[in-house]
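2 protein chains.
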Amino acid sequence: MDAAEGIHEGNERFKQAVREADNVALPLLYTRGAQILPPNGETVRDSESIAEFWRAFFDLGITEARPVTHEVIPMGEYALEVGEYSVLSHDEVVDRGKIMVLWKHEDGVWKMHRDTWNSSVPLPET
Amino acid sequence: MDAAEGIHEGNERFKQAVREADNVALPLLYTRGAQILPPNGETVRDSESIAEFWRAFFDLGITEARPVTHEVIPMGEYALEVGEYSVLSHDEVVDRGKIMVLWKHEDGVWKMHRDTWNSSVPLPET
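Chains A and B, in that order, give the protein sequences.
Here the first sequence is numbered in the numbering used here, starting from 405 and rising by one per residue.
Here the second sequence is numbered in the numbering used here, starting from 405 and rising by one per residue.
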């Protein structure tokens, strides 16, 4: 399976895991040694912390996350995905922005190795 | 020059260009076809828009940006940098966060190809 197909499959599994609020499945979509670099927080490492991160995300009332891939740059066992996302709470879009994910081929599957994003919504004027 | 050295040199040039508010030098640190994915804004493409982006950044009163590299993953003509940054206005840290930059070897130099970051500072409670 090439990188673009593997990333597509990984994203389909990711969307399903979020819809099912399944924070057992979510860490399995990440490599050993993966890092999440979330906005407005510190870097998240190791699969227990990754499960915890997504649990907190569900606690915010998020019911759906929709990554859309614009570009895949294949680089051997790695591939960079650049795209956009929207995040929903019961059919209402609560955030939208940009994603940049380094995927890695590990144990025969493409998994997220370095995962970051940021909102495209302007900050409120202060 | 290997990727880690090339990225170090690119970051030194970047820091100098920011200190000098030099938005002629800044676009030259990016590849042809580069993209900046800034927080709270849309993707920035082409060198004129990149110059414009940094001009707006200087207009906010930013006088210094300090990227710190934690990790370089070399992948042939590409390399991914993961690290942290702080942004200063006249010696006061006004933001700090995480960076993820895909560098590309182009015209004999390592340049930024996909550049994104987000703040590690929690959002104020609403």
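Since the hints were made in silico from the structure, they are not lab data.
Since the model is a prediction, treat every value here as computed from it, not as a measurement.
Just so it is clear, CB atoms sit at the ideal spot from N, CA and C, and this is done for glycine as well.
Treat each hint with caution, since some may be false.
Covered by chain B, per the in silico footprint, the following chain A stretches (three or more residues, Cβ under 8 Å) [what the hints assert, rightly or not]:
| id | segment |
| --- | --- |
| 1 | 452-465 |
| 2 | 479-488 |
| 3 | 502-513 |
| 4 | 520-529 |
Results for each hint:
Using a Cβ-Cβ cut-off of 8 Å, 0 residues of the segment 452-465 of chain A lie near chain B, which falls short of the minimum of three, so the contact claim is violated. Residues of the segment 479-488 of chain A with a Cβ under 8 Å from some Cβ of chain B number 5, which satisfies the need for three, so the listed coverage holds. A count of 3 residues in the segment 502-513 of chain A with a Cβ less than 8 Å from any Cβ of chain B is obtained; the coverage claim is therefore met, three being the minimum. Counting residues of the segment 520-529 of chain A whose C-beta sits closer than 8 Å to any C-beta of chain B gives 8, which meets the bar of three, so the coverage hint holds.
When the structure is compared with the earlier hints, a violation turns up for hint 1 alone.
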